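Asks: Here is what each chain is made of, one letter per residue.
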Amino acid sequence: MSGYTPHTDADVSSMLEFLGLSSLDELFSVVPEALRLAGGLDIPAGLPEPDVFAHMEDLASANRPCGRDLVCFAGAGAYDHEVPPVTRALASRSEFVTSYTPYQPEVAQGVLQAVFEFQTLVSRLSGLAVSNASLYDGAASLVEAVNLAVGATGRQDVWVSHGVNPSWRDVLATFAAGTGHRIHDIPLTAGSTDWAAMSFDDSDEPGAIVVAYPNYLGCLEDLGDARARCDRTGALLIVAFDPICAGILRSPGDWGADVVVGEGQALGMPLSFGGPYLGLFACTMDHVRRLPGRLVGETVDAEGRRAYVTTLRAREQDIRREKATSNVCTNQTLMAVTAAIQLGWLGTSGIAEVALRSARGTRYCRDALLKVPGVESLTTAPVLREFSLRLPLESEMAVERLADEGFLAGVALDPSYTQGHGDGLLVAVTERRTRAEIDAFVSAFEKAVR
Amino acid sequence: MSGYTPHTDADVSSMLEFLGLSSLDELFSVVPEALRLAGGLDIPAGLPEPDVFAHMEDLASANRPCGRDLVCFAGAGAYDHEVPPVTRALASRSEFVTSYTPYQPEVAQGVLQAVFEFQTLVSRLSGLAVSNASLYDGAASLVEAVNLAVGATGRQDVWVSHGVNPSWRDVLATFAAGTGHRIHDIPLTAGSTDWAAMSFDDSDEPGAIVVAYPNYLGCLEDLGDARARCDRTGALLIVAFDPICAGILRSPGDWGADVVVGEGQALGMPLSFGGPYLGLFACTMDHVRRLPGRLVGETVDAEGRRAYVTTLRAREQDIRREKATSNVCTNQTLMAVTAAIQLGWLGTSGIAEVALRSARGTRYCRDALLKVPGVESLTTAPVLREFSLRLPLESEMAVERLADEGFLAGVALDPSYTQGHGDGLLVAVTERRTRAEIDAFVSAFEKAVR
Amino acid sequence: MVDDLVPAAAAGGRAASAPLLGRDTEPTLFELSEPGRSAWQLRTTGVPDLALEELVPEAHRRDSPVALAEVSERDLVGHFTRLSHRQFSVDLGAYPLGSCTMKYNPKICDAVAVLPGLADVHPAAPANCIQGWLELLVELEVALCEITGMAAATLQPAAGAAGELTGLLLMRAWFAAKGDVRRKVIIPDSAHGTNPASVTLGGFEVVTVPSDGRGCVDVEALYSVLDEDVAGIMLTNPNTLGLFEEDIRSIADAVHEVGGLLYYDGANLNAILGVVRPGDMGFDIVHLNLHKTFATPHGGGGPGAGPVAVSDRLAPFLPGPRPTRLGDASSPRFGWTTPERSIGRLHSWHGNALVLARALTYVLVHGNDGLRDVARLAVLNANWLRKRLSSSFDAPYDRPCMHECVLSASSLKRATGVKALDVAKRLLEEGFHSPTVYFPLIVDEALMIEPTETESLQTLEALAGALERIVAEAATPEGALAATEAPHLTPVRRVDEARAARHLVPTFDARPS
Amino acid sequence: MVDDLVPAAAAGGRAASAPLLGRDTEPTLFELSEPGRSAWQLRTTGVPDLALEELVPEAHRRDSPVALAEVSERDLVGHFTRLSHRQFSVDLGAYPLGSCTMKYNPKICDAVAVLPGLADVHPAAPANCIQGWLELLVELEVALCEITGMAAATLQPAAGAAGELTGLLLMRAWFAAKGDVRRKVIIPDSAHGTNPASVTLGGFEVVTVPSDGRGCVDVEALYSVLDEDVAGIMLTNPNTLGLFEEDIRSIADAVHEVGGLLYYDGANLNAILGVVRPGDMGFDIVHLNLHKTFATPHGGGGPGAGPVAVSDRLAPFLPGPRPTRLGDASSPRFGWTTPERSIGRLHSWHGNALVLARALTYVLVHGNDGLRDVARLAVLNANWLRKRLSSSFDAPYDRPCMHECVLSASSLKRATGVKALDVAKRLLEEGFHSPTVYFPLIVDEALMIEPTETESLQTLEALAGALERIVAEAATPEGALAATEAPHLTPVRRVDEARAARHLVPTFDARPS
Ligand SMILES: Cc1ncc(COP(=O)(O)O)c(C=O)c1O
Ligand SMILES: Cc1ncc(COP(=O)(O)O)c(C=O)c1O
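Residue numbers (this note's numbering), protein chains in the order written: chain A, 1 to 450; chain B, 1001 to 1450; chain C, 2001 to 2513; chain D, 3001 to 3513.
Isolated chain A, as found in the complex (with noise of 0.2 angstroms):
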């Protein structure tokens, strides 16, 4: 027995005993003797744990992770920025992350109040009232949002820009097909969302209207424009914001959202292969009792003391069932704790400046891509630390030759970007890359697009 179960042989016979048993299988005589595997899983013994370990470091070094061998100008939702130290020493204190939601407040403060910081950091940087414990990623907060909003205006047609992440919108896509809602596309133009292309009439008015800030091609969209939109349909407004360049732009609550989602791997997260990231999600307080997922609250204990809890639980899945603004029961509070602990070091003038330092990197790389003969901007609209290009070759194709060349040089566009072609990049530039690195990777890209 592994030394992870503690039961020795003596113990084991002890409790047979207890139990008026005489072996382990007789615990199972009520599953029927047809439906027992016989013979055991055909899967191999277990190994112990050197063996595994050297195994997951194989599979591990057939990646390439970004780093010295692959400089990262990856983006597309997925960043790199930094994760100090203290922020990996503090998020993976097993206090946080051994524990369960915290059912029972008087043991679980730690996690509660951690949450509750979180929610605030998130209202802020969203500028909206109220945000939730986290949802599983950017994509799963869009679908919530949708759902509020749908469920808030009785409406189920919702316009979503081009600009939005194309995955997420995939997404939103896949859980269409069981809520019924209707999505339409708002198409770019330039790279920014073209709001004249909306036209329904009384029978599809929308219920939400939903842009990205900055857009997929790192864009800085016009949202007093989608503002008006909502504020003449009723609509309600869903921003894609990003939490690092909300940094330095004007809060989507500002602009007058009634929703903000996000993606929050930029907040402390590494990248992951995509995963676990941290669905960011906030709202209006009009909203509250919509609100998707836990929300942690601030109240008192039996003497007065200040104390957090989960709250406005009848939402939820668990009490309120088929009729629960969501399913969600798992999220990613780790995350959500992570989150929280990267802005504390970030902090007001830390999360301004990697969002500044961000845009920095990205106009110099991109004034340079630029000079590269054959490559073109898809936009013309300012754009913060992300920005697409044209190649004159198939982008997968120069995605691959400066892998060789030791860059992550960036993400194919889905050729509904270029008008059919699949010759778009899109190229991310975060504060962790320097001067030597932008220029090297220049000149590497000059090589691999002639």
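Honestly, I wouldn't trust all of these hints.
[Stated by the list, open to error] Straight line, CA to CA, 30 angstroms or less: simulated DSBU-like cross-link-like pairs of lysine-lysine:
| # | chain 1 | residue 1 | chain 2 | residue 2 |
| --- | --- | --- | --- | --- |
| 1 | A | Lys-447 | A | Lys-371 |
| 2 | C | Lys-2184 | A | Lys-323 |
| 3 | D | Lys-3419 | D | Lys-3387 |
| 4 | D | Lys-3184 | B | Lys-1323 |
| 5 | C | Lys-2387 | C | Lys-2413 |
| 6 | D | Lys-3387 | B | Lys-1323 |
| 7 | C | Lys-2419 | C | Lys-2387 |
| 8 | B | Lys-1447 | B | Lys-1371 |
| 9 | C | Lys-2419 | A | Lys-323 |
| 10 | D | Lys-3387 | D | Lys-3413 |
[Stated by the list, open to error] Chain D regions said to be covered by chain A (calculated; three or more residues, Cβ under 8 angstroms):
| # | region |
| --- | --- |
| 11 | 3038-3046 |
| 12 | 3064-3074 |
| 13 | 3101-3111 |
Since the hints were derived computationally from the structure, they do not count as laboratory data. Values in this document were obtained by computation on a predicted structure and should not be read as measured data. Heads up, the beta-carbon is just placed ideally off N, CA and C, and yes, glycines get one too.
Once you've looked at the hints, dock chains B, C and D with the ligands against the given chain A.
Replies: What follows is chains B, C and D with the ligands alone, placed relative to chain A:
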């Protein structure tokens, strides 16, 4: 100012004002002007953490650590034993890492109890009644043991087997310059201490006889003979033991040792380029009042609850000053806690298993290497985890060649072990070496010594 | 708010909240904050430092910095370390929270999850840069299929509930592909709340079937609601009462008879690992809670992972892109493929990848023998506790359980006024986390105890002893009072949940000043 | 022993000791042990498995296994996690322990210390496998020499006391090389206990000089003991009263005059980093406590590192082997060299290498500017506290201090019976570690407070407030009683130290059964 100091400009001003000062410099007005550093230190300005981390990574990458690239067959006091993730995780808990010597036991029961458990484990391994809370390393323990023996016997002549780790003997010699102890060498014959070579008369009767078990060349020494000589002369028997081999060997206490010293690195510490390691020190109850360093004892608190505290403090430098049994203050507590965790993980069966598996690997490897033409054994006594060879070439040359092939082949022996020749090699095989690794090593070895 | 109880809210270095040193309140990050203080340090880049004004047009710029918090690294560390001392966890003690499978999380999995070769990989890196990850995911999928007895799986769902919804969307797509519109999904009344919530989101109607006197699905009631409008049924087996649905094969046959599908809620898979497989019971769709069965730690409420495994016929509908083995066995290559009739993507990327890596580690360390032992010992522990405690509490279903047992404090409450909740709170100060209470909903004053296989007999004895003591004490008026006022020794006393909802304070900024 | 207070000593999963949940005793590893249980897992090697009997001759074999403990990994984790919850630490709160410099330990140093390229290097690997380590050590040596104003250093000593003894052996070798036998080493009466203990081990006699009324070395008394038999003097500056020895240059001249050497005990170097250097004050030998000044964490009492830096003339005597830059600047190579007249080796290997790597990290992150700020802010904090507390306690030396201040509870004790020890114990339950008490020995009822530079003004205010409250409370009989009975809220109440010495129980096996 760094993120480690919290002082804002406003804080500094208000504090200076409170003190009636107008600048931070004024805090140092007591320092004679002439002494004050003009222009600051000639070291670079502070760098942000990520830059420093990159620099340290550069340095680290200029080393060849043991692992996949350099399979470790080196020992000589530093062994590549398994250190599981659980030991690393527990030993790095910040309460253990960032606390000080437990001067206030009411808030230091964690470290105190862990050290109490460490003492118990070392006592059981060594077979002696008392262990201290650690010393710097094996060499320091040896020095302290000799000091204890000289103090207890009033005799300054100490006989040390040549089978004791040569760098420990060097350290002993260094410190003997201060204490004036006379250190005598007992030579080896075919790898075993040649007890008959001890010769002294009434004027220089030994205060202690020191022998290693197993010795530097891996051999099991005849401790019965050593004990008999101590009985005849009144000397104390000091045994330098190995805590892993102790898992299967008769304990030094059982052989009649008065003091046991050892290097505890093998109990959960990485190779660490030689430190921090862990000096083990145990003695019989007779000598407890001469014990160097800290000792934790069990007691009770004001309510009768079990509690732990450092005890017999009157031996220590802070109280006894120039008459203290030792000058040690800071020791290696965190390593003692690590060893307690590692020994808890190994347990009764694990320590024996590690020793047994090491012995099997050693036998397998040694048999194969002794078949290589030109390679001979330097010893005849039984060996356990380490063995010595005479090579047909300079051992340093062999080590370099084998490093090129991916093996840290061992440690070149001091010529005193090979009648003045530089062709001795000390090879260690731990439980971590697989048959495949050993086979590959043997093949590479054949080529390298050709 | 009772603010004078936070006398030193701005005292950064005061271990105010460490229960080691008493029961003070820990100030929030915002109260520790002091203008001008900072902790961040960023790489020196040498990139020309243009001013913000040159980079962002005015209309898009914030007027003022976003006020987060301003603390030193030292205060940050103090704060979160102190918070961690206010948090119970598996690493501190037994956590017999029924339905949650709070077992020991092997530390090797933590070590795997921080390997740079796994943790620092960009999810959009080209296939030749991620061969290791793709292989890992394929390896896990194969293992999970074998464990569940299914043909193929998606690893994308981030938790059990996401898995459920995925399963329901698979059902929907399956029927849609056949042009068969069905509206109803059956769930037992003992089901977990995520089941009905997912059914709704999947676009189906919930039909609830009652449990019978033995705690299993009332088979007659089930048959009576089965018709051609039934898309399927969602079951856990063992169910949320910890009981094995012995009639599962008949149920499966009946549901299949009307063309419906069977969905297996895998939250309780821990009970049957290597003993019996959902696929062999007749299920068509299975989700697994890797954070339960495979010990990827719960993280205070997440992240989890809820892969969904399906039988052959449903495989073409699985979400994409899927990690896939390409090329021949001798020189395998890995890439992404999307099933022909895929329901689409479920996650921004590929699921909670690092959680998946932990789970594979767990599977490999245990192997077929170890996984079977997990189930056997989990069931052994639960039955031992059930029997031992059956004289202290009511046993609504007095028969052998699987990995957890549901008891009731109903008689206790009647006799002494001490409720399940009071028992739970009293147990907290006995050094244990409490069981799940008031779930499943069909049992009055339910106490749902899941010890898991990683707790020793000694721990079970201590836990049972503590519960017995609590019951015994409740017999006296003082004892009963003590229970209803418990806990006394925790960082905070019983928390006023009603007030939290009544006077909602969801952020620091919403506090009445 | 009061064993019935450990009711569940064998209860592995009970968070018995978590103060989070009360104040129970944590059982020892030995009480958690159960025969047959185990946690270890070792690599599969494929090496032929000979029996023990074939490998070890009978005379050398143990009769029976060494009984360590037999626990599961789960119980091991529970046990040590719970123990960690019974331990105060810098990461939990302020730790103003005078002379110990308990400052914040930057987490980046922890990350550096686990880099495999540093942590997994064998100390006997050939030079071409350890170029990075050698360069690191040389880089650190250069920095430490610049910081202290010396010419060369050894990094071997594992702590301050080992550094002291090294320094004394250097003195001894220096005089021996000149054929000049000297017996005496002077130390002030305020010196740390390691100083006199080291002097003895160095083979010298201690000559103690008193402090004067201002807390500094009584210069006249010093002059009166200076003669040609004096090998040297050991001083800290600032001294252990936290005061700067203003006459240091005259003292240096006088000692040098008689041919003696000056040894600098660097435990207090934090106060003067980048402001004034021991070398410039006239010292010949300097040790540094990297675990104090350079924040390599104390680890509950160690490991530390105590490098010794010396002036040019003493460099040939330094211990060997030394890491050395070879080759020219353009293509540096690194190797080992042993100084010509080396006193020999001081450590089994090369010193506490990973501690040295942490210290270099600290130096580089701070740089010249940051190190000077360390000293300035440490001194600012100490003076602020000194002034603020001077109305609550006696200030035996009422003048500006450096990085720490020594106060006295003498009047308090006379007036109320509350001793320095009581103040210390009461402070523990106010959320702070206590100051050092009863040191230096020359101050009655000493409280030695070293806040360090990493604590904020807010923390200082809270700390001062707590101390003031304690003093104020002591004015009433109940308050005084509460202080003498403190602490009340810690995992254990005041510990019976006398009993521990009287009935010595140094191991679990020595417990009376
Ligand atoms: C029986 C059951 N089903 C489903 C779920 C939902 O799983 P998750 O929390 O991973 O979304 C749970 C979780 O508690 C459960 O216990
Ligand atoms: C003034 C002084 N000198 C010397 C030492 C001894 O240093 P170490 O504990 O590193 O041996 C100390 C340690 O507390 C000290 O405070």
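Asks: Report the numbers of all earlier hints that the structure fails to satisfy, in ascending order.
Replies: Number 6 only.
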